[in-house]
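Given chain A, put chain B in place with the hints provided.
Spelled out, the chains give:
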Amino acid sequence: MTEHSLYGPLDDVAGEAGYDDHPPRMGFFTDTSVCIGCKACEVACKEWNGVPADDFDLLGMSFDNTGHLGANAWRHVAFVEQRAQDLGMPSFDRPGDGSGPESRTDFRWLMSSDVCKHCTHAGCLDVCPTGALFRTEFGTVVVQQDICNGCGYCVSGCPYGVIERREGDGRAQKCTLCYDRLRAGEEPACAKACPTDSIQFGEVDELRDRAAARVAALHERGEVGARLYGADPDDGVGGTGAFFLLMDEPEVYGLPPDPVVPTRDLPAMWKRAGLAAVAFAAAAAVAFAGGR
Amino acid sequence: MGSNMAEAHPVGFQWVMEAKERGAPVFHIDPRFTRTSAHADLHVPLRAGTDIAFLGGVVNHILSNELDFREYVVAYTNASFLLREDYRDTEDLDGLFSGYDPETGAYDPASWQYESVEEKHAGRDADSAAKEQSSSYQHGSGGPRVEGGSDRIAADPTLRHPRCVYQVLKRHFSRYTPEMVARVCGVSEEVFRAVCDAWTANSGREHTAALVYSVGWTQHTTGSQCIRAGAIVQLLLGNIGRPGGGVFALRGHASIQGSTDIPTLFNLLPGYLPMPTPEHTDLSSYVDSIRADHQKGFWRAADTYAVSLLKEFWGDRATADNDYCFDYLPRITGDHGTYRTVMDMVDGKVFGYFLLGQNPAVGSAHGRLQRLGMANLDWLVVRDLTMIESATFWRDSPEVETGEIAPERCRTEVFFFPAASHVEKEGTFTQTQRMLQWREKAVEPRDDQRSELWFFYHLGRRLRERLAGSTDERDRPLLDLWWDYAVVDDEPQAADVLRRVNGVDLTADRAVGGYTELKADGTTAAGCWIYSGVYADEVNQAARRKPGREQNLYATEWGWAWPMNRRVLYNRASADPEGRPWSERKALVWWDAEHGRWVGHDVPDFERDKPPDYVPEEGSVGVEALRGDDPFIMQADGKGWLFAPSGLQDGPLPTHYEPHESPVRNPLYGQQGNPTRKVYGRPDNPSNPAPPEPHGEVFPFVLTTSRLTEHHTAGGMSRTLPHLAELQPELFVEVSPRLARERGLEHLGWAHLVTSRAVVEARVVVTDRIPPLRVEDRVVHQVWLPYHWGTTGLVRGDSANDLFGVVVDPNVFIQETKVATCDVRPGRRPRGPALLDFLAGYRRRAGITADTGTHVLTAGPGAEGPAHTEEES
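Line by line, the protein sequences give chains A and B.
If you number the first sequence the way my numbering does, the last residue is 293 and the count never jumps.
If you number the second sequence the way my numbering does, the last residue is 1044 and the count never jumps.
I should point out that these hints are in silico values taken from the structure, not numbers from a laboratory.
All C-beta atoms in this analysis are idealised placements derived from N, C-alpha and C, irrespective of residue type, glycine included.
Certain hints may be false.
Said to hold, decoys possible - Here are some, though not all, of the chain B residues that point toward chain A, as calculated from beta-carbon distances under 7 angstroms:
{"hint": "1", "residue": "Pro181"}
{"hint": "2", "residue": "Val182"}
{"hint": "3", "residue": "Ala425"}
{"hint": "4", "residue": "Glu897"}
{"hint": "5", "residue": "Leu919"}
{"hint": "6", "residue": "Thr962"}
{"hint": "7", "residue": "Val966"}
{"hint": "8", "residue": "Arg967"}
Stated by the list, open to error - Derived coverage of chain B by chain A (criterion: at least 3 residues anywhere in the stretch with Cβ under 8 angstroms from a Cβ of chain A; other residues may be distant):
{"hint": "9", "stretch": "184–191"}
{"hint": "10", "stretch": "208–221"}
{"hint": "11", "stretch": "935–946"}
Bound-form chain A, shown alone (with noise of 0.2 angstroms):
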């Protein structure tokens, strides 16, 4: 496939959905390492797009009282506590079980704001039979309300398990990237309200060089865990839009570790088909043939 690229590094997102005329491709930086868990993101988010609140349970997931990504969270903030034996991989235990006034020692607390990926190669829109799902000219991915028909197809079609039909209306919703606030020259509501510019909002070829610097720097302080998320164009759904500075594994934060397209393999699905479809009908032919 060379017209419509399923899979593989892209260099122009937005060109390659039609756009000839577009500004560059705009996507988020998601700085890990000085995040604050202030939640301001999920507030600012909220209030931007007019997101309901959801369901007032404490979670007991840390500070965590929002859960995961969703129709009704399109920033979610995950807080990951760590003893020095668990760094590296998240805990079965209850958080700190059988520590006690001696035994404590090194501990660590994460926090990472989690938001949709904005892929290269995106599932959603791969799969969105209405159209609802588009490209935009910044290269992002938008749900566009009044076409969606709330088929659920995106749902499946996402490998981070960010899109979600929001109950009682059947619609899919996720994070625009402020695609509003972007055509009037703002930042994303979140960006704009993260005190510790945790999230950066800008150009994804400067956000790259940016987190690359970022990395080196951390592993020169000594902070070998870190580490970029998203950011590789050879990755599974082609590099994301939005991409992270993660301080240990993705499976920490409860992110896929190797997050793949699911339409990666449908030219070398229809290719066999077609195959099975040939040899098909070659093998009726001669059934026939050898029949007379």
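Then chain B, alone, in the frame of chain A:
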């Protein structure tokens, strides 16, 4: 220390993050591992209420190893000054200072004075009423008076004299060893040394270290001394008045700094002028009580500040002939603080109450007492954004459930006034850096919502109309008020009020340029002298918004900071005695000999043209008496005080006392708690027993409370908003895994916490973020819960503040809500009248009476001082 900056002040915390990016090591010393600790290089958990022991250990470390910034200390602090021979330290008196009176539970501070200060001057603050009036807070920004501060003070610049402050300090803190810190605080010696090493290594000529605190320091019976301890460390290390140094007080609300500058406190007038007392028969006796005859500094000019304030209050009516209406000012006769007032409400001595943006039914200590007090008023005015618990207590408080308040019989008539929010009115915020920032009105207030300014202006106007023609003497102060602020469409203009706060030259109707222009002859009026200059040149300086990137690091054209737009207080100390920066890296202001003036990156906090080698003439006082190397220009002797010869009720040096309610006996002294704390011993304000009293084991755990980022204090502004309420939907209590096992608590299950005042239920969150500590030979468990919930709003729950009693610091009357003792049990709490029986059972088992906790004196062999119960005090 004592601050959860990332959670409680996230916007300010961006600068800590920036400093960290630039290589500054960040240490967080706090009982809990919080979102602040998550970004610190090292988190040091310590037992709640032991900060002074920790800081005392740091002082001891500095002095024992001679790590102080010696040139700074000798030149700029009172380290070399000699004390009187009759001064006795806690080292001599088992935890007491000289001058303690067991009967009043108060000190006569006469023996704490400098040697050369004459006897007749000393101790004028020491009248028995001083403790009642919270006198040291009255000293405010100016520091207490020291008669003789301008005279030559006997000193030993070599710091060897046994009675010089340096040696007294050294002796006082000598027992605060690393081993002792470990025993008291539960901090290992190794970790403690790591903090000491980092602090001292990052101080000196080339480096400075900043100290940040919040209400984790202040809300203790030793709150003021905690800050003193921090200030001593910073002075010894030369971290005051220098870039990157300082002691930063992070304050709770958007303009809580403003609410002490132009105070909502009973004992202060604007600009930290004290409220007069009945002894002040005329203006001159009042002014003389603020300043000493022979002292240095800008408080000498207190007469110009006071007269200008009276002129602002009463305008043309205030003349030299009538003492500028000084007699119109009310006099305070004792403790009229918020907690005393609530007890007076319970006792039927108070009839009406205004609550403005405050929700004491949830936000103040001893919620039950607050609600019972409000239920015993004739009328109550509540102005708030939403219907808060303090407006609805009569129908839905826990006391309705227990039958103590019957809605149909509650006599209090509540008037609720909807308030305009900060985006619906204009005005200034004064933030924690003393900076005033003007904010515009973004939207019109809806319906009946009105600004505070509108409310009080029209309340005053209507009261005056109602009283017009009255011949009653007592109505004169109200009728004679200068009450003619500019009004547009019914709304008083905040900018005009700010101009009058700034001060006006009445002869030319011109805004004054600063407080040095204020006069004591009635030709100037100023609502708050420290704010003079905010409207200089008839320009609203607080509204300046030149971006920081277009200015130097100090951004002096962003907003306006008091005094005189100085961003770093006492910044003369950033230069050496000769006026040269201590180092190029840390240059802030310096003496420009060529032009004969102080220059630099910040506005110099010093007389512009006073050279560094200036020596005042013999006998000069006030500003003239300040030497060219006296950086602390508001202090009566021009020096930074390692030792406070006057001004504090509980001693000239910080001393570790156990909290009022503590599980352990004070390991340092026979004196258990602060011997001057105010205990309000009365049956409706019981205390849990603390050593040496028996039965402390009934309440074996340490309780501490604080805020979450997701909610705003008492919750009126957050529990009512779905987008905030969902982020922290329920009251929870954090316990360690070990305590959970010991008490059978399940993660996300229910627990109830019990004190002698209340029982509160909360969901359990088991976490390693609140570690048990080894203190002495035992394991001390601490539990924490946020205090945001109440009976109204979208998310509801018990109020953590109900657990606390009322016991306060003697200096500023702040309540001890950062530490108490409690019991923790699994499951939900009893309900209805059974709850009262349950609590009575606890009190019986712990042997609690009104006397419990009120024997504040415990020093000396077998000493038990008198009980300080309500009847006696």
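Okay, the hints, checked on the actual structure:
1. Hint status for B:Pro181 relative to chain A: holds, with the closest Cβ pair at about 4 angstroms, below 7 angstroms.
2. Taking 7 angstroms as the C-beta contact cut-off toward chain A, the hint placing B:Val182 at the interface holds, the least distance being around 5 angstroms.
3. Checking B:Ala425 against chain A: minimum C-beta separation of about 15 angstroms lies over 7 angstroms; hint violated.
4. With 7 angstroms as the threshold, the beta carbon of B:Glu897 comes within range of chain A, its nearest partner Cβ sitting at about 5 angstroms, so the hint holds.
5. Proximity of B:Leu919 to chain A holds as hinted, the smallest CB-CB distance being about 4 angstroms (cut-off 7 angstroms).
6. With 7 angstroms as the threshold, the beta carbon of B:Thr962 stays out of range of chain A, its nearest partner Cβ sitting at about 16 angstroms, so the hint is violated.
7. Because the beta carbon of B:Val966 sits about 5 angstroms from the nearest beta carbon in chain A, less than 7 angstroms, this interface hint is met.
8. About 10 angstroms separates the beta-carbon of B:Arg967 from the nearest beta-carbon of chain A, more than 7 angstroms, and the hint is not met.
9. Counting residues of the stretch 184–191 of chain B whose beta carbon lies closer than 8 angstroms to any beta carbon of chain A gives 3, which meets the minimum of three for the stated coverage.
10. Only residues whose C-beta sits within less than 8 angstroms of a C-beta in chain A count toward coverage, and the stretch 208–221 of chain B has 4 of them, enough to reach three; the restraint holds.
11. For the stretch 935–946 of chain B, the stated coverage by chain A holds: 9 residues have a C-beta nearer than 8 angstroms to a C-beta of that chain, and at least 3 were required.
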